[in-house]
Amino acid sequence: MKKAELQMQESILAIFIVTIIIGLALFTFYQLQLRSINNYKLELEQNRDLILISTLVNKPELSYSYLGSEENALDTIKLLDNNLVNLGFKEITIKQVYPNQNNIQCTKQNYPDCNSYLIYNKKPSKVTNTQIISLPISLYFPYTQEYHAGIIELKSYS
Amino acid sequence: MKAQSELNWVFIIVAGAIILAFFTGFAFKYKDLQEEKLSIELLNTLDNTLTSFKTSPYKTFDIINLPTTVKITCNQIQINDKSYQTNNLLFSPVELRTKLLVYYRPFKIPFKVADFYLITDANKKYHLITDSTTEAYIVDLINNLPDDLKNKFSSSNLQKNEPNTKNIQIRNLNNNFINVNNQQIYLNGDLVLAAIFSDNFNCMYDKIKQEMNNVVKVYENKARLIHKENCNYNSFLPYLNDLKQLNFNSISSIDAINQELANNNCPVLY
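From first to last, the protein sequence lines are chains A and B. To convert, take the position in the first sequence, counting from 1, and add 37; that gives this note's numbering. To convert, take the position in the second sequence, counting from 1, and add 20; that gives this note's numbering.
Some hints could be false.
Said to hold, decoys possible - PhoX-like cross-link-like pairs, simulated, lysine-lysine; straight-line CA separation at most 20 Å:
(1) B/Lys79 to B/Lys172
(2) A/Lys145 to B/Lys237
(3) B/Lys264 to A/Lys96
(4) A/Lys78 to B/Lys102
(5) B/Lys128 to A/Lys96
(6) A/Lys96 to B/Lys237
(7) A/Lys96 to B/Lys79
Unchecked claim - Beta-carbon label-pair distances, calculated as ranges:
(8) B/Ala41 to A/Leu172: 49 to 57 Å
(9) B/Leu58 to A/Asn140: 46 to 54 Å
(10) A/Lys145 to B/Phe197: 33 to 41 Å
Keep in mind that the hints were calculated from the coordinates and are not lab data. Here a beta-carbon is modelled for each residue, glycine too, at the ideal position from N, C-alpha and C.
Can you build the whole structure from these sequences, using the hints too?
Shown next as structure tokens:
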């Protein structure tokens, strides 16, 4: 009788330990899942930024059109004073890369003798991570009616 | 000895219940997590698909299969309990099932102001209740839609009581204005279609006004900044101001000034 009782207690202990091991395994699995979800979230944010930067050229606030038809270029005069809002914590800069120009940020006063345009800037109080994406673009100068080569750079803060 | 044995059984039952509760809890939590992940994936894919239409300068039609029911409100797309903020102008019924029919149209008055998404689902039908002033205009508007959308529309001067059919009153076309479901809007094909497709048109109309203000301000700034000998940009300003008040009668004047600038080899405004 005593031996049977001892065996029963041993069985209970074994089940208890096995349960704890399975529990720990599940906890680890759950933590890994959470980590993969966080990675996925990061991937989604990167995708969103990529889509944002690729569609900015088509935004009426920035794009150049000739008699109403889109010309797939950014209008540099519009870049001097635009109304971009609600893009989150980001910094968007456009730089002329060819022909080479003085490395000066453009304002209404120094345009067109400058080479970069800050079109959106909203920084969080504490930056933990910055992702940078850039794309080549075409810049249109209405005065000379010429196209120059440029890049658009998007810094995304988190 | 008997008491000891009973205590063991009580312990086994309590421990068993706790273990069972733990595993059941885990299973439910894991299911919720996976559902939430799926909803976010779907919402993100849907919003990205819609946004990528913006790269097209033309009207574009597409059909998207939906694995679940989607709810669209003025600013949000919602799947299950998960919602996703969108800046896209989605003119659609609140609830969409099975298949999304998406018709993308750049909204131009005369320059591009926004991107319109006219959305409906495979089961939805539209009956337009017209009068003598709007009948011809509506027939022409429907005939210019893609075939998959065209066959969802019918029109007459009477209401139609059929399931999944939305009745829309379109009356009193005069002086470039038209009345859609008791709302007076400017006679513009994109706006009229937007009012027909949307279940939240009042809220969407405010968003259009906001977009319009933003874009018109950009063109006002451009007209003030740009200067070249023999090119006059100041004449745009009063007409642009009219546009901000949603007075679209100035469109033809803006177009004429812009065309004149192009003829004089001046940089155009748009």
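Checked hints:
1. A distance of roughly 19 Å separates the Cα atoms of B/Lys79 and B/Lys172; the hinted pair therefore holds under the 20 Å criterion.
2. With a C-alpha separation of about 16 Å, the suggested pair A/Lys145 and B/Lys237 falls inside the 20 Å cut-off, and the hint holds.
3. Distance restraint check for B/Lys264 and A/Lys96: the Cα-Cα separation of roughly 18 Å lies within the 20 Å cut-off, and the hinted pair is therefore satisfied.
4. The suggested pairing of A/Lys78 with B/Lys102 holds, with an alpha-carbon distance near 14 Å, which does not exceed 20 Å.
5. Of the supplied pair hints, the one linking B/Lys128 and A/Lys96 holds, its CA atoms being roughly 12 Å apart against a limit of 20 Å.
6. With a C-alpha separation of about 14 Å, the suggested pair A/Lys96 and B/Lys237 falls inside the 20 Å cut-off, and the hint holds.
7. Only pairs whose Cα atoms come within 20 Å are accepted, and A/Lys96 paired with B/Lys79 is accepted, the gap being roughly 16 Å.
8. Range check, B/Ala41 to A/Leu172: Cβ separation about 53 Å, and the 49 to 57 Å hint holds.
9. For B/Leu58 and A/Asn140, the Cβ-Cβ distance of about 48 Å falls inside the hinted range of 46 to 54 Å, so the restraint holds.
10. Range check, A/Lys145 to B/Phe197: Cβ separation about 39 Å, and the 33 to 41 Å hint holds.
When each numbered hint is compared with the structure, no violation occurs for any of them.
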